[in-house]
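Asks: Protein chains in written order, with my numbering: chain A, 17 to 130; chain B, 2 to 116.
These aren't lab readings, by the way, just hints derived from the structure by calculation. Worth double-checking, as some hints may not be accurate.
Said to hold, decoys possible - Partner residues are not named here, just some residues of chain A that face chain B (Cβ under 7 Å, in silico):
no. : residue
1   : Y41
2   : A45
3   : K58
4   : G59
5   : P60
6   : F62
7   : R73
8   : G75
9   : F120
10  : T122
What the hints assert, rightly or not - With a straight-line cut-off of 20 Å between C-alpha atoms, the simulated EDC-like cross-links for lysine to aspartate or glutamate are:
no. : chain 1 : residue 1 : chain 2 : residue 2
11  : A       : K84       : A       : D65
12  : A       : K72       : B       : D103
13  : A       : K58       : B       : E53
14  : A       : K58       : B       : E54
The beta-carbon is built from N, C-alpha and C at its ideal position, and this holds for glycine as well.
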Amino acid sequence: GESVGLHLPTLSVQEGDNSIINCAYSNSASDYFIWYKQESGKGPQFIIDIRSNMDKRQGQRVTVLLNKTVKHLSLQIAATQPGDSAVYFCAEKDYGGATNKLIFGTGTLLAVQP
Amino acid sequence: ETGVTQSPTHLIKTRGQQVTLRCSSQSGHNTVSWYQQALGQGPQFIFQYYREEENGRGNFPPRFSGLQFPNYSSELNVNALELDDSALYLCASSLGGDRAGDTQYFGPGTRLTVL
Numbered sequence: 017g018e019s020v021g022l023h024l025p026t027l028s029v030q031e032g033d034n035s036i037i038n039c040a041y042s043n044s045a046s047d048y049f050i051w052y053k054q055e056s057g058k059g060p061q062f063i064i065d066i067r068s069n070m071d072k073r074q075g076q077r078v079t080v081l082l083n084k085t086v087k088h089l090s091l092q093i094a095a096t097q098p099g100d101s102a103v104y105f106c107a108e109k110d111y112g113g114a115t116n117k118l119i120f121g122t123g124t125l126l127a128v129q130p
Numbered sequence: 002e003t004g005v006t007q008s009p010t011h012l013i014k015t016r017g018q019q020v021t022l023r024c025s026s027q028s029g030h031n032t033v034s035w036y037q038q039a040l041g042q043g044p045q046f047i048f049q050y051y052r053e054e055e056n057g058r059g060n061f062p063p064r065f066s067g068l069q070f071p072n073y074s075s076e077l078n079v080n081a082l083e084l085d086d087s088a089l090y091l092c093a094s095s096l097g098g099d100r101a102g103d104t105q106y107f108g109p110g111t112r113l114t115v116l
């Protein structure tokens, strides 16, 4: 399949280490944020979401942190595995015009070294 | 798997031609959103359909148009294709409306190449 990682920021980690992927969002009025994982040749896959009334949410091996003061979002992956290798996108929900659209960040390529 | 399907998987067209892409939403979802993803970039919102009506549009020209059917499946039509239309076209289905926290689930996409 084609690569979606061209010209993207890259995070390289060793298998078993923890990964932290960061994202700066643009709209201070956004109140819902999502992390997606996209493997080569596939559509984005939902990982975890968080609403603006929270600053932390945990899933299985993943944690999302939200800092509204500086408009920053991070995704932490514990015990990173080779299957975690993909491009990771943060997305914010924009309610302008009552549209349920998502605004995506530029993405980060996570490369897990065995 | 999200239960969202798209067809075709790949498509090659020439400049000036027209193309129709199809999406079947996840069972129980009444909203479909379409996104364009150029190589190496994040998806860009094209438009959204909610209960067969257009419910918002991104910064795309009128030659990008769509439909949603009573079973909530959807089509994206692009007329007068240009080279820059080459991209991965994604559809996402959701439960609908403008509810906070309404998660969008993506299909595998259609890779369009314009020569």
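Asks: Now tell me, hint by hint, if it's right for this structure.
Replies: The hints, checked one at a time:
no., hint, result
1, Y41, "12 Å, violated"
2, A45, "12 Å, violated"
3, K58, "6 Å, holds"
4, G59, "4 Å, holds"
5, P60, "5 Å, holds"
6, F62, "6 Å, holds"
7, R73, "12 Å, violated"
8, G75, "13 Å, violated"
9, F120, "3 Å, holds"
10, T122, "6 Å, holds"
11, A:K84 <-> A:D65, "15 Å, holds"
12, A:K72 <-> B:D103, "19 Å, holds"
13, A:K58 <-> B:E53, "27 Å, violated"
14, A:K58 <-> B:E54, "28 Å, violated"
Violation of the numbered hints given earlier is confined to hints 1, 2, 7, 8, 13 and 14; the remaining hints are satisfied by the structure.
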